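Protein chains in written order, with the numbering used here: chain F, 1 to 374; chain C, 1 to 374; chain Y, 1 to 374; chain U, 1 to 374.
Bear in mind the hints are in silico, worked out from the structure with no lab data behind them.
None of these values were measured; they are calculated from a predicted model.
Nothing false has been slipped in among the hints.
Taking lysine to aspartate or glutamate pairs in the DMTMM-like style, the calculated list, with each CA pair at most 20 Å apart, reads:
1) Y:K190 to U:E272
2) Y:K251 to U:D342
3) F:K251 to C:D342
4) Y:K190 to Y:E226
5) F:K43 to U:E311
6) F:K190 to C:D342
7) U:K43 to U:E102
8) C:K43 to Y:E311
9) C:K190 to F:E272
10) C:K43 to Y:E312
11) C:K227 to F:D314
12) U:K190 to Y:D342
13) Y:K277 to Y:D342
14) F:K227 to C:D314
15) U:K277 to U:D342
16) U:K190 to Y:E272
17) F:K251 to C:E272
18) C:K251 to F:E272
19) Y:K43 to C:E312
20) Y:K227 to U:D314
21) Y:K109 to Y:D160
22) U:K251 to Y:E272
23) U:K227 to Y:D314
24) F:K284 to F:D342
25) U:K251 to Y:D342
26) Y:K251 to U:E272
27) U:K43 to F:E311
28) Y:K43 to C:E311
29) U:K161 to U:D148
30) U:K190 to U:E272
31) F:K190 to C:E272
32) F:K43 to U:E312
33) C:K251 to F:D342
34) Y:K190 to U:D342
35) U:K276 to U:E185
36) F:K284 to F:E311
37) U:K43 to F:E312
38) C:K190 to F:D342
So the chains spell out like this:
Number of protein chains: 4
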Amino acid sequence: MEKIPVGILGATGMVGQKYVRLLSDHPWFRVAYVAASPRSAGKPYSGAVAGRWHVDGSLNLSTDGGWGPGVGSLIVEDANDVSKALAARNGGRCSFVFSALEMGKEDIKNLEEAYAAAGIPVVSNASAHRWTGDVPMLIAEVNPHHADIIPLQRKNRGWDKGFIVVKPNCSIQSYTTPLWALIWEGYEIKRLSVTTMQAVSGAGYPGVPSWDMIDNLVPYIGGEEEKSEQEPLKIFGSIGDGAFINAAEPKISAHCNRVPVSDGHTACVSLEFGAKKPSIDEVKRIWADFRALPQEENFPTAPLRPIILREEADRPQPRKDRDAGGGMAVTVGRIRPCPVFDLRFTGLSHNTVRGAAGGGILNAELLTYKGYLS
Amino acid sequence: MEKIPVGILGATGMVGQKYVRLLSDHPWFRVAYVAASPRSAGKPYSGAVAGRWHVDGSLNLSTDGGWGPGVGSLIVEDANDVSKALAARNGGRCSFVFSALEMGKEDIKNLEEAYAAAGIPVVSNASAHRWTGDVPMLIAEVNPHHADIIPLQRKNRGWDKGFIVVKPNCSIQSYTTPLWALIWEGYEIKRLSVTTMQAVSGAGYPGVPSWDMIDNLVPYIGGEEEKSEQEPLKIFGSIGDGAFINAAEPKISAHCNRVPVSDGHTACVSLEFGAKKPSIDEVKRIWADFRALPQEENFPTAPLRPIILREEADRPQPRKDRDAGGGMAVTVGRIRPCPVFDLRFTGLSHNTVRGAAGGGILNAELLTYKGYLS
Amino acid sequence: MEKIPVGILGATGMVGQKYVRLLSDHPWFRVAYVAASPRSAGKPYSGAVAGRWHVDGSLNLSTDGGWGPGVGSLIVEDANDVSKALAARNGGRCSFVFSALEMGKEDIKNLEEAYAAAGIPVVSNASAHRWTGDVPMLIAEVNPHHADIIPLQRKNRGWDKGFIVVKPNCSIQSYTTPLWALIWEGYEIKRLSVTTMQAVSGAGYPGVPSWDMIDNLVPYIGGEEEKSEQEPLKIFGSIGDGAFINAAEPKISAHCNRVPVSDGHTACVSLEFGAKKPSIDEVKRIWADFRALPQEENFPTAPLRPIILREEADRPQPRKDRDAGGGMAVTVGRIRPCPVFDLRFTGLSHNTVRGAAGGGILNAELLTYKGYLS
Amino acid sequence: MEKIPVGILGATGMVGQKYVRLLSDHPWFRVAYVAASPRSAGKPYSGAVAGRWHVDGSLNLSTDGGWGPGVGSLIVEDANDVSKALAARNGGRCSFVFSALEMGKEDIKNLEEAYAAAGIPVVSNASAHRWTGDVPMLIAEVNPHHADIIPLQRKNRGWDKGFIVVKPNCSIQSYTTPLWALIWEGYEIKRLSVTTMQAVSGAGYPGVPSWDMIDNLVPYIGGEEEKSEQEPLKIFGSIGDGAFINAAEPKISAHCNRVPVSDGHTACVSLEFGAKKPSIDEVKRIWADFRALPQEENFPTAPLRPIILREEADRPQPRKDRDAGGGMAVTVGRIRPCPVFDLRFTGLSHNTVRGAAGGGILNAELLTYKGYLS
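In isolation and in its complexed conformation, chain F is listed as follows:
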């Protein structure tokens, strides 16, 4: 099978760089188009990221010390200029784009729509369209069926081949899949109290000053608690008459903290079930056994086990567990009863892999499988 040529919008930022790294040996996709701000446009990608390559290792070096991916020699285009991407598409160099744009929310909204209107599907990492009614917010293991609103979205907008899908915020990925696994087995979740301890890479670069992260933590991340409380409701919701209908539950309260960790968001979760309450053993069994469409159909980026259960008293820990399942698994531990609600656990996921670029790539694999990107 010939690889599908893909583009990256915002390719020089932290998440854009992670897309480049993760796609460097992808079996289905190859990066053939990179776009960023006008400041970077016209430079070769290697020059545009020189001195600000934030991902491990060197762009120009593979991890064994050999030469790295050819993306370094691609010329960066201006992401605001959709015509460039269109030309690339027509030249067989850009079937769809991953959006890792970093601009104002309205600007991103308009620009992503312009790409879609021009016939270029947008698999977005940005928050701009998360609450657009006919745009699905996908976690491939949780709500893959939400992708099927795409025909309706196209019809609503009068778009032919283009469309927009988004992924949720990184902060909710450490517990949404475990919650879904329980809901899927028929256990209603009524209320949820979650406290997150989030890595600094979630704030991009330069992001959080080191002055605030040495011998310290910051008990606030702007906008993060609102996202954490609302996004799961869309993901757990259903396709209504032309737009998504949010789930009514669970009611969520979030405390979001920034902690001195480079990658990996940890969440301490307490939850209340409906009338039907699983035992702790049943919860463990459900999580250990959980498999979904990405696993059943062997999507290349899918972890063998989307939820990894750790029985040790002191796990998961971010540095030690964030790379589980290639950074795509959610690791859960400390599963125990809650004196106030019913169940407590700690969940962890890699915020720039599962929570950003890796999650976007898995969504693109899902859309390829479903035929929307061919």
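Please arrange chains C, Y and U on chain F, whose structure you already have, making use of the hints.
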């Protein structure tokens, strides 16, 4: 007024050292007796802590570069040998002891009782006697009246001058005083969900390995969640017929995490009131105005304001706020409604000052004021 | 004695804030004038730093929980507008200024000269004038006599009352005073190899991104090695015919690294003496005994001992020793022979106290003592 | 080719665990024997490391979330009991052993000799035999010819098949190979001043307390400076009449510091050449082109490029560069002239891969290639 000579049991450990530092210019007390393990016994204190002085600065140097406290030349006694302390008491060198013992729980229990039985009051930092029915667990601003069980305790045990008082675990100090201020104003608290992010000094020395605290956190601290869920109930309880009766509420659920912070425990708290619910403004007013006996009577270690309110979105932070009120105040911030319960906030206190040595000293000031240590 | 009213230029930045904090109870000086960028001008100082107060504690709170310094209510002026400072001077509110300006080097140079020309002495923390021939670069314990170029500087420029003095870069403060103590005793130092491990506060705020300081260090700080290699030569130099003449030695090689430490620069130093070589014991004696003008004349900010000797194998350490002597002492340890040169040691100083605001204040005390600021 | 069965002594410690991880899919070797302290003996390996598995991920989980290496079910033997290893060898389960023993130096010395005397070759990570005259201290790219002392060693001791080889201390690996590349090209190195900033994993587990590594560094590591100054001389030396003869140069001065980094030792190096001095460009060319036996013969653990040159001003950095070449390459940067000596640079290597287990495995590959382990 002549200073009261005091002893420190476990004087060479991390909390013991903090007692030495905090008492170095105390207006009521002077350290005149130090005891530790047999390994240290017989050495001058300065020699016993050489190479393992963990508190800021040097034992032998005052912070302005001059010579430090004379405690360095005291000879360390064996803490297991109560007769030494008794001799010191009779020689006017040890009116009472601060216990910062680090041994097995049963050993501490027995040893603290032996001191009390010998007529030497014990103001303890250890957890051993926290659940002994007639031993008060004191936070000077919250339950100073609990000290008045001492005559009964003496009677129960047939002790003459000795007695034992304890202080609670460091993990609960970042929210117990704020909760009490609300209860005191007539607001019942029914349920509480708390997630702590605790400093490494809480584990003593060597304590938590750095391998586990670089780019990492550990979502577990042995025994800490149980203490966090139970101790407030004794503190909020009442003196019954010969022993304390726990408060029935609030029901508490705790997630306790170790984070890479040297000093300062942070707690994210969500709580549910009874039928009567204060507004957010009322909560802020209550906390800003809260004063208790230590403030009214100007105890030397008492902070002017036991609860410091921060209005900035991103405070309290451990490195920046732990020293507020000389390390004795609780700083609260992020006061806001809770979608699941009623109220949310973040609380912070210094775990080795307010949560350990400083809290013990304030308890001793309370007991002096009440006449139990004269 | 009535306190001298002083101004702070760049009062809202990290070093400016440190000046405010350190001057809050100074016996000779009181902050009566604050100036910053046009963006802050017109606001009360408390409002101008709201949400970006980086120094420990709160501007509005003293460390015991009481109300803080009155500087919060001062209206911030535009630092570019010298006429404002002049009006303040004439109104008895600004006898001289501390410059903690953060702008382009040429802009600072011109602005500091404008203040001096207007008759307002400038005690600067900025690097702009360090290599101006008739501007002294002062460490009060090392080259206090360099202040005596001021009459010549005034004459050169045609200035009446104004003048400019600067202090050296923070990176050299951890070893320059110890070197001077040896030179003062007659030991020539020919060559010096120094590797620094510098705290992030040296880069201001936001400064170094936390992404670069978690589980990491950066082996480069722009311009720092050049400063470290050249500035000691001016400080050790002499006043020539109208300008300073650099010392010819030592020849210095510097490796400057940024490490995940909040405050406190550490330096590993190897040095080669001239023909006359002291023993290790003689070095220790010289450093322990070293006292200079600030100590002899009891300047309020002077540490009792400018060099504190630690004999433990593993000291100095930044978190534990940076506050020695109120942050104004240099702590040295690991004094031992060098297999390649003659002597090795590790030095440490607090980069925003001794290395910035505290050093500036001590310089102002020196200038007051010498009569230049009365 | 059938894989050679190997044993690991000290298999449950930090370095032992790293051997297990790195050998999990080695093309030549398979772990078939594990030995540790009597405390662990008799348990399956998975049980012996339960709750103290310090390497990333889980012993029982591969990184893609599937099941991990079968070594978990091996029964741990007592490392003191050589007869167990002998039985394993005779049963085809232990052709040679990697020694990652953690005991007293004399005990290790004797025990490693007992294995060798019993006919089991020992590829050691321990320091015990580094200064034994007829034991080679190998870096496979630097002195592979030193392995050829093995026949002499066997003859000296009367050993038949067994022998001992060691590897040097982790602290010197960040600069020894670059130095060698220069020496190999004919440039004498006379003197060397090196300051290291070493990761905490070098101290094993629990190792350095987090109290000492938060907002701090420690300017001392016991014994490390001596090793750093002496070991390169044996490695650069020659085989004499029955024992190694140390090189006379370079003269080395080392400052060794512990910094808050999990893995990766950084070294700031200044060096003086002999009469013949290469240009900076020549140094860069030599390092970029350097290849040695492991590269020429494609040893499985050999990095494609043993020295990776970074041109960015701020590299190498430990978190970002330690995994270069699979953790087996040395990354160098900041190559520039030295005002005191001739050349300065910063080198970095992964202390538990290149500096410990990975270096040991590469040595075993070298010995296999040379026929000593068949």
